[in-house]
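Residue numbers (this note's numbering), protein chains in the order written: chain D, 1 to 253; chain L, 1 to 387.
The set of hints was computed from the structure by calculation and includes no laboratory data.
Be a bit skeptical, because a hint or two may be false.
30 Å max Cα-Cα, derived DSS-like pairs, lysine-lysine [claimed, not checked]:
hint	chain 1	residue 1	chain 2	residue 2
1	L	192	D	197
2	D	50	D	201
3	L	195	L	184
4	L	281	D	16
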Amino acid sequence: MKVLVPVKRVIDYNVKVRVKADGSGVDLANVKMSMNPFDEIAVEEAIRLKEKGVATEVVVVSIGVKQSQETLRTALAMGADRAILIEATDSVQTDIEPLAVAKLLAAVVKEEAPGLVLCGKQAIDNDMNATGQMLSALLGWSQATFASELVIDGDTAKVTREVDGGLQTISVKMPTIVTVDLRLNEPRYASLPNIMKAKAKPLAAKTPADYGVDVAPRLSVLKTVEPAGRKAGIKVGSVDELIAKLKDEAGVI
Amino acid sequence: MQFGLSDEQRMIIDTTRAFVEVELYPHELAVERSGHLPLDLIRDIQQKAIAAGLYAANMPAEVGGAGLDTLSWLLYERELGRANYALHWTCVARPSNILLAGTPEQRDRYLMPCIRGETWDCLAMTEPGAGSDLRGMKASARQDGGDWVLNGTKHFISHADLAGFTIAFMATGEEDTPRGPKKKITAFFVDKGTKGFTVRDGYRNVSHRGYTNAVLEFDDCRVPAANVLGEPHKGFEVANTWLGATRLQVAATCLGRADRALQLAISYAAERRQFGQSIGKFQGVSFKLADMAMELKAAELLTWEAAWKFDQGTVSEADMSMAKLKASEVLAMIADEAIQIHGGMGLMDELPLERIWRDARVERIWEGTSEIQRHIISRELLRAQGG
Ligand SMILES: Cc1cc2nc3c(=O)[nH]c(=O)nc-3n(C[C@H](O)[C@H](O)[C@H](O)COP(=O)(O)OP(=O)(O)OC[C@H]3O[C@@H](n4cnc5c(N)ncnc54)[C@H](O)[C@@H]3O)c2cc1C
Ligand SMILES: Cc1cc2nc3c(=O)[nH]c(=O)nc-3n(C[C@H](O)[C@H](O)[C@H](O)COP(=O)(O)OP(=O)(O)OC[C@H]3O[C@@H](n4cnc5c(N)ncnc54)[C@H](O)[C@@H]3O)c2cc1C
Numbered sequence: 001m002k003v004l005v006p007v008k009r010v011i012d013y014n015v016k017v018r019v020k021a022d023g024s025g026v027d028l029a030n031v032k033m034s035m036n037p038f039d040e041i042a043v044e045e046a047i048r049l050k051e052k053g054v055a056t057e058v059v060v061v062s063i064g065v066k067q068s069q070e071t072l073r074t075a076l077a078m079g080a081d082r083a084i085l086i087e088a089t090d091s092v093q094t095d096i097e098p099l100a101v102a103k104l105l106a107a108v109v110k111e112e113a114p115g116l117v118l119c120g121k122q123a124i125d126n127d128m129n130a131t132g133q134m135l136s137a138l139l140g141w142s143q144a145t146f147a148s149e150l151v152i153d154g155d156t157a158k159v160t161r162e163v164d165g166g167l168q169t170i171s172v173k174m175p176t177i178v179t180v181d182l183r184l185n186e187p188r189y190a191s192l193p194n195i196m197k198a199k200a201k202p203l204a205a206k207t208p209a210d211y212g213v214d215v216a217p218r219l220s221v222l223k224t225v226e227p228a229g230r231k232a233g234i235k236v237g238s239v240d241e242l243i244a245k246l247k248d249e250a251g252v253i
Numbered sequence: 001m002q003f004g005l006s007d008e009q010r011m012i013i014d015t016t017r018a019f020v021e022v023e024l025y026p027h028e029l030a031v032e033r034s035g036h037l038p039l040d041l042i043r044d045i046q047q048k049a050i051a052a053g054l055y056a057a058n059m060p061a062e063v064g065g066a067g068l069d070t071l072s073w074l075l076y077e078r079e080l081g082r083a084n085y086a087l088h089w090t091c092v093a094r095p096s097n098i099l100l101a102g103t104p105e106q107r108d109r110y111l112m113p114c115i116r117g118e119t120w121d122c123l124a125m126t127e128p129g130a131g132s133d134l135r136g137m138k139a140s141a142r143q144d145g146g147d148w149v150l151n152g153t154k155h156f157i158s159h160a161d162l163a164g165f166t167i168a169f170m171a172t173g174e175e176d177t178p179r180g181p182k183k184k185i186t187a188f189f190v191d192k193g194t195k196g197f198t199v200r201d202g203y204r205n206v207s208h209r210g211y212t213n214a215v216l217e218f219d220d221c222r223v224p225a226a227n228v229l230g231e232p233h234k235g236f237e238v239a240n241t242w243l244g245a246t247r248l249q250v251a252a253t254c255l256g257r258a259d260r261a262l263q264l265a266i267s268y269a270a271e272r273r274q275f276g277q278s279i280g281k282f283q284g285v286s287f288k289l290a291d292m293a294m295e296l297k298a299a300e301l302l303t304w305e306a307a308w309k310f311d312q313g314t315v316s317e318a319d320m321s322m323a324k325l326k327a328s329e330v331l332a333m334i335a336d337e338a339i340q341i342h343g344g345m346g347l348m349d350e351l352p353l354e355r356i357w358r359d360a361r362v363e364r365i366w367e368g369t370s371e372i373q374r375h376i377i378s379r380e381l382l383r384a385q386g387g
């Protein structure tokens with residue numbers, strides 16, 4: 001079975017995000033970029049499936065600027081076999097929207113015929129949480145979102161999902177789309193020997209036109225603002241005072 | 001000229017930095033406070049470093065190393081250099097390149113166990129009476145039958161307590177040269193436990209807590225001829241051939257530590273408020289940051305250029321001395337100023353700055369003092385003019 005893992009290049013989670021002065025978005029010029037952490041977990045899971053003999057090949061695909069190549073190389077260094085770069089924009093400020101990404105992925109799926117698509121549950125830049133679900137709809141495949149455990153048994157996948165207040169286990173028919181959550185695994189370091197070997201792994205360069213997909217934006221961003229700063233707290237003198245304030249002022253009890 | 005990093009170099013930095021932050025930083029304070037690195041901690045981190053291919057990454061691929069070019073290797077050293085020295089040196093060890101000079105038997109016996117993480121090497125050159133002037137060494141070896149018999153004392157020998165063996169440099173005679181008599185030096189493998197070889201605790205050191213140094217005593221210590229590394233009387237030639245880039249390694253680890261201190265200083269200056277504004281708004285603070293960043297960049301450029309030239313075969317002794325000298329002096333300046341920017345908090349060991357400041361001190365002394373580096377640089381300048 002082939003596993004397809006889409007990976008997105010996003011602002012590194014350690015970077016202090018700054019909103020551009022004109023409010024059009026987040027400033028991404030000269031900022032450290034990395035693989036979306038949820039996608040890293042998806043890559044790790046795919047590699048583990050291969051190590052267990054469940055998967056035979058791990059193909060990673062990235063859609064965005066040319067520099068997404070770096071993200072793909074990281075995935076190859078972790079252990080993916082092959083990469084596809086779909087260069088869909090030349091501006092680091094342009095985010096390709098989930099529907100366009102899902103359409104491109106659907107076209108890649110038709111070409112590659114994987115038995116499983118493992119996506120991150122969301123990208124940490126825009127937090128859309130939509131691509132996996134849209135891909136499922138476009139392909140007519142089953143979907144299992146927010147996976148914290150994945151067991152593949154023949155033509156079904158048993159997926160434990162993180163839902164509000166607990167875990168839910170579902171069984172889905174293969175081929176399927178699984179979007180992964182934080183606790184599925186801990187991604188490995190790309191080891192130095194594997195980093196050196198990654199250079200020799202194939203990376204195909206494509207464009208949206210190769211798949212006949214129009215990636216023009218459908219959404220327009222009206223305004224981007226920083227979250228309001230946290231207000232200073234107060235000190236209370238006693239438990240009684242705390243309870244009184246929670247009751248009367250905050251109205252939470 | 002090309003100043004960009006390759007994809008591989010970027011990934012080497014990412015992996016090494018992540019490893020240092022996740023696996024080494026959490027143990028720093030305990031090691032600093034106790035001056036001790038417990039063996040089970042060493043083993044634990046070592047296994048992870050081996051799995052990540054970081055262990056012995058300075059070695060060529062054919063013996064199980066990462067097979068890096070000099071610049072990539074130094075980028076890795078810079079990341080390791082951010083952390084406590086004892087932790088990265090011991091748990092993510094880089095066996096001395098001089099072990100590659102050994103015969104196939106010597107490689108099997110000494111190099112390979114170091115690469116597999118089973119033991120460590122140490123290099124013994126310095127003596128109480130011979131530091132910068134190593135040729136002035138008194139420790140000696142004489143031939144006796146097929147064996148060599150070693151006598152003398154070495155001191156300041158790093159991590160000799162952990163090492164399974166030492167490479168000891170010994171005087172083995174004198175030769176006449178146009179500039180007067182010159183001692184001939186031979187390098188020997190000496191196993192721990194060899195009769196007549198004792199390792200004693202060394203001194204307590206202001207820098208690099210947990211990274212010990214020892215005194216080595218040789219008292220009629222007998223080793224077979226097979227323990228000679230390289231050819232007899234060619235010990236310094238072997239060292240010069242295989243330890244060429246060690247100064248650059250020192251430079252790279254200094255750069256990592258300096259960058260860590262600088263980043264802390266920048267964040268603190270942006271956040272700390274006094275007199276109603278962030279202290280970074282005071283020129284007295286912000287101009288310090290500008291100078292620190294500029295000096296660090298200058299030191300980096302010297303180091304990366306020397307590394308690049310090293311692989312082109314065009315590097316000069318002065319190039320490497322400039323890199324080591326500049327990086328170690330810039331580290332000292334940045335560590336000092338980073339503490340200044342932190343005010344009293346900079347002196348407290350909850351932050352890594354006080355130890356970066358202490359650790360900086362040794363960098364201007366070992367691997368050639370700053371004066372010896374200036375001597376090397378100036379000699380190269382004057383020689384070109386016949387001076
Ligand atoms: C923590 C630590 C670990 C070490 N680890 C090792 C190790 O593992 N193996 C090993 O062999 N050695 C090791 N060393 C030794 C180190 O290499 C020496 O300390 C260094 O070479 C300087 O020698 P010295 O300390 O004897 O100083 P000296 O050579 O006595 O120098 C004293 C002063 O005189 C100056 N000076 C000397 N000659 C000249 C000159 N020609 N012109 C101008 N000024 C000069 C020096 O710059 C210095 O300021 C270690 C040292 C330390 C501190
Ligand atoms: C060992 C020790 C013992 C101490 N003992 C005592 C004690 O017994 N009692 C007591 O009350 N205090 C004590 N102190 C506190 C000491 O007086 C303060 O650390 C000192 O006044 C600096 O304040 P700070 O550490 O908060 O640094 P900050 O005031 O936060 O300064 C941080 C940096 O900003 C710079 N800066 C601040 N304002 C300006 C400006 N306007 N222009 C330019 N630069 C500026 C400073 O020079 C410094 O580089 C002690 C401190 C230490 C380290």
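Straight-line alpha-carbon gap residue 192/L to residue 197/D, limit 30 Å: 38 Å, violated
Restraint status (C-alpha distance of residue 50/D to residue 201/D at most 30 Å): 16 Å, holds
Pair hint outcome, residue 281/L versus residue 16/D [Cα-Cα no greater than 30 Å]: Holds: residue 281/L and residue 16/D sit about 19 Å apart, inside 30 Å.
Restraint status (C-alpha distance of residue 195/L to residue 184/L at most 30 Å): Holds - the C-alpha atoms of residue 184/L and residue 195/L are around 25 Å apart, at most 30 Å.
Of the numbered hints stated above, the single one contradicted by the structure is hint 1.
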